[in-house]
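S.K.: Knowing the structure of chain A, use the given hints to seat chain B on it.
There are 2 protein chains.
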Amino acid sequence: MKDSNRGNIFIISAASGTGKTTLVSRLLNNHADLRVSVSHTTRAPREGEQNGVHYHFVSKEEFEALIAQNAFLEHANVFGNYYGTSIAGVNALSEQGFDVILEIDVQGAEQVRRTLPEAHSIFILPPSFEVLAARLKGRATDSEEVIRTRLSKARHEIEQAAGFDYIVVNDDLAQAEADLLNIVRSCRLQKTAQQGFLANLLENF
Amino acid sequence: MKDSNRGNIFIISAASGTGKTTLVSRLLNNHADLRVSVSHTTRAPREGEQNGVHYHFVSKEEFEALIAQNAFLEHANVFGNYYGTSIAGVNALSEQGFDVILEIDVQGAEQVRRTLPEAHSIFILPPSFEVLAARLKGRATDSEEVIRTRLSKARHEIEQAAGFDYIVVNDDLAQAEADLLNIVRSCRLQKTAQQGFLANLLENF
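Quick mapping for you: the protein sequence lines, in order, are chains A and B.
Taking UniProt numbering, the leading residue of the first sequence gets 1, the next gets one more, and so forth.
Taking UniProt numbering, the leading residue of the second sequence gets 1, the next gets one more, and so forth.
No wet-lab data here; the hints were simulated from the structure.
It is possible that part of the hints are untrue.
Each computed DSS-like pair below joins lysine-lysine, with the alpha-carbon atoms no more than 27 Å apart [stated by the list, open to error]:
1) B:Lys-137 with B:Lys-153
2) A:Lys-137 with A:Lys-153
3) A:Lys-191 with B:Lys-153
4) A:Lys-153 with B:Lys-191
5) B:Lys-191 with A:Lys-191
Note that the structure is a prediction, hence the values are computed from the model and not measured.
The following block holds chain A by itself, in its conformation from the complex (with noise of 0.2 Å):
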């Protein structure tokens, strides 16, 4: 049975250019019990970059232990600096008590709802393919081809908002950010998440 102080975990997606990671931004910023995971990386820190609270810094034998250790849900190599998603770190931020949202890109979102099955997973779209059209063609100096290619990857990327729990659409950046903590709140009241509460509430009688 699922501890109800737990929090709930979120796989938030989106194709690119729909305004994932400013709307993942306004939520955050707005909603102190509301928690991304601390990522390790094994770039070294900037000005001003503090060890476990903007990254965990760690050296790259000790990243490529915890990769052959599975400690990671995902994790990418940048321009030679590993960045991963630690499994141990989003649980202890669960346990904790906070709802923690993980922005994964379409391409790992499918693994790590393996990983995670008990991960609540939300697709963000843009509310027409016109306004995506125009965010995507960007600078006016890209090329036809370039701008094909941005679409038709786009296209492949929304196919896959199916396999998602939730849809919200980014029309309005405050009714999607709205919309977002409506689902989070919402799986508070899921009946896995209020178990605790019904056998205390049981136990009484």
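M.R.: Coordinates of chain B only, in the frame set by chain A:
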């Protein structure tokens, strides 16, 4: 595929003395996009009651014909008059885009969940045994035995909560109303409710 404009159906149950009726009335008064279905009855209209608004007033023969056609989600005979919730009435509201609330007692809820597997079910719990016991004790003249019977019935009802999708604790009435609304809104964001939007979006690529 479900029409994305179709409203959802919610089954709301609770143990006696949990304040379900007050809570559901508040929710319906405050949100015009939520509806309860209009019941059928064989009793005579009272002063000011309109057919099709307060009830569908039908004859005993008509009601029994509807029973024979399995037209009711649930029906009961109270002091010689029939009362029932018609499946067609619930579906008509849902097709018009309203989210439909069905206030069903614990005994009937399992049957209704089987008849409408797509419905979302919510159980309202009291905040504690003490609060429920105080409510169920009622008048000081009730015998110990009557009170014991009520509490035993309440325990049996509360045990059914584990079969529902969501659990709301009615401690503070405004908070419990907000929780119910939260569940209703989040169900509009579930993948099944958003499939129409997703299909339209992909068609335009």
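S.K.: Would you mind marking each hint as holding or not holding in the structure?
M.R.: Hint by hint, here is what the structure shows:
For the proposed pair Lys-137 of chain B and Lys-153 of chain B, the alpha carbon gap of about 13 Å is at most 27 Å, so the pair holds. The suggested pairing of Lys-137 of chain A with Lys-153 of chain A holds, with an alpha-carbon distance near 13 Å, which does not exceed 27 Å. Only pairs whose Cα atoms come within 27 Å are accepted, and Lys-191 of chain A paired with Lys-153 of chain B is accepted, the gap being roughly 21 Å. Our distance criterion of 27 Å between C-alpha atoms is met by Lys-153 of chain A and Lys-191 of chain B, whose separation comes to about 21 Å.
Taking the CA atoms of Lys-191 of chain B and Lys-191 of chain A, the gap is near 19 Å; set against the 27 Å cutoff, the hint holds.
The earlier numbered hints are all upheld by this structure, with none contradicted.
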